[in-house]
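S.K.: Listed here are the chains, written in short residue letters.
2 protein chains.
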Amino acid sequence: MPDSEYRDIRQLNIFSQMTDEHFTSLMRGAYIQNFPAQIELITEGEPSDFLHIILSGSVDLFSCWNGRDSSLAVVRPISTFILAATIRDAPYLMSARTLEKSRIVLLPSQDVRAIFELDSDFARAIVTELAQCYRAVIKTQKDLKLRTSLERLANYLLRMQKRSGGGATFELDFEKRLLASVLGMTPENLSRAFKGLQPYGVTVNGTLISIHNQAISSGSPNPIP
Amino acid sequence: MPDSEYRDIRQLNIFSQMTDEHFTSLMRGAYIQNFPAQIELITEGEPSDFLHIILSGSVDLFSCWNGRDSSLAVVRPISTFILAATIRDAPYLMSARTLEKSRIVLLPSQDVRAIFELDSDFARAIVTELAQCYRAVIKTQKDLKLRTSLERLANYLLRMQKRSGGGATFELDFEKRLLASVLGMTPENLSRAFKGLQPYGVTVNGTLISIHNQAISSGSPNPIP
DNA sequence: CGATCACTTGACACCTATCAAAGACCGTGG
DNA sequence: CCACGGTCTTTGATAGGTGTCAAGTGATCG
Chain A
1 MPDSEYRDIR QLNIFSQMTD EHFTSLMRGA YIQNFPAQIE LITEGEPSDF LHIILSGSVD
61 LFSCWNGRDS SLAVVRPIST FILAATIRDA PYLMSARTLE KSRIVLLPSQ DVRAIFELDS
121 DFARAIVTEL AQCYRAVIKT QKDLKLRTSL ERLANYLLRM QKRSGGGATF ELDFEKRLLA
181 SVLGMTPENL SRAFKGLQPY GVTVNGTLIS IHNQAISSGS PNPIP
Chain B
1 MPDSEYRDIR QLNIFSQMTD EHFTSLMRGA YIQNFPAQIE LITEGEPSDF LHIILSGSVD
61 LFSCWNGRDS SLAVVRPIST FILAATIRDA PYLMSARTLE KSRIVLLPSQ DVRAIFELDS
121 DFARAIVTEL AQCYRAVIKT QKDLKLRTSL ERLANYLLRM QKRSGGGATF ELDFEKRLLA
181 SVLGMTPENL SRAFKGLQPY GVTVNGTLIS IHNQAISSGS PNPIP
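Here the protein sequences come in this chain order: A and B. Start counting the first sequence at 1; every next residue gets the next number (UniProt numbering). Start counting the second sequence at 1; every next residue gets the next number (UniProt numbering).
Zero decoy hints are in this set.
Repeated chains share a single entry, so a pair holds when one copy, or any two copies, can fit it.
Below, computed lysine-lysine pairings styled on DSBU-like, alpha-carbon distance capped at 30 angstroms:
1) Lys162 / Lys101
2) Lys176 / Lys142
3) Lys162 / Lys142
4) Lys195 / Lys162
5) Lys101 / Lys142
6) Lys195 / Lys139
7) Lys142 / Lys195
8) Lys139 / Lys176
9) Lys176 / Lys162
10) Lys101 / Lys176
11) Lys176 / Lys195
These are calculated hints, taken from the structure and not from any lab test.
Full structure from sequences and hints, please.
M.R.: Next comes the structure, spelled out in structure tokens:
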């Protein structure tokens, strides 16, 4: 593994506070691999053998049941995923597939758990990470239960706008088909939802979104943190 | 606080491994209180001043937005709630209200965070707890995105059946109005969903549910863990 | 016994999914 | 460079799921 990648991983919140000794020990057992697009890295229900770290590319976390499937999240560099399953030594709750060519590090779960027992700063960092993940999922759940698909889209766009600097125009960071699934709707419904946002000043051109801040009527979607 | 309660709390997974010194220190700052039914303990958006422990009764965790509201979970003794917000020192993501007369312990969040920094066994226990909570929410999210309301009800009933010993009959542990909200549907829809399960051998009498194991057709709901 | 509340039932409207087909986009290979 | 095939996206028509409103039933409780 190149030094630059090694350092990038070291700087992740989850690893930055642990001792050098434990970190190098953890990385000694690491596999690093380049995957092409559309490779299934993880299958729901299987034992969680590795903690994954994505260095480049992007990964879709999804789940299937009874012929339906849904994306739960998209992971981007540099971050870990499947942490909870690793810690609990429990089966994966979701599957993962590369969306594009991706470079991924695999840390054997038993190594992670062993260091977790030894290094209490690592344990504390994991707490912070998990609490954050937990809160993110709760927000998504509220989104699903309290909002219509049009409202979810509106809020997603407002969040993306803020994240990309707050300008009037920005790019979607994945294709609409996937966005629809992440937001819990069909591609057809997403397409119509975009049209439904036109009265609020939203125009779409491919993956380019523009939001002209028109008057927003009272019943309109409002952002929540 | 009675010794028996003190011991019950001590035996919670989250507290059982920490040192006596830290536990007593934590409990020294604890408030204990009996609340009547329908009291709002926590309001979404406010700073998380206390980690809560429910000793008796039951508490509804819910969220409101734009005139709609939804129950995210119901908490029962003996367990903690609002742990993630406490750890991250972040605003509550949900509100909480007592469903009945309830006895609740309040641990100042700053105390919890202080001990979290001192006691690494406590930190490790919190990891396990949070990982479990995280996985529970992910399961709920999959439920919401991959299943219809009828399927969610069917799976809920099967889970409850298993939990109550696997017998053909069991009792719902909260009223249908609340169950509907937890499952992400309206009371009217729940009522119809129960009827829709009759062909599968489900009969309802108040809060008493019977499941006669009839032949289950292939398209029918299947349990997932 | 009357009032209240939860639950049920019916009618209806809306949101959303499904199916089908046409258009837009993109990579590949000639 | 262009033609091609495939995929994504859009659009329309339709059906099904779900929420809303309203009214009625049943139970509980003072």
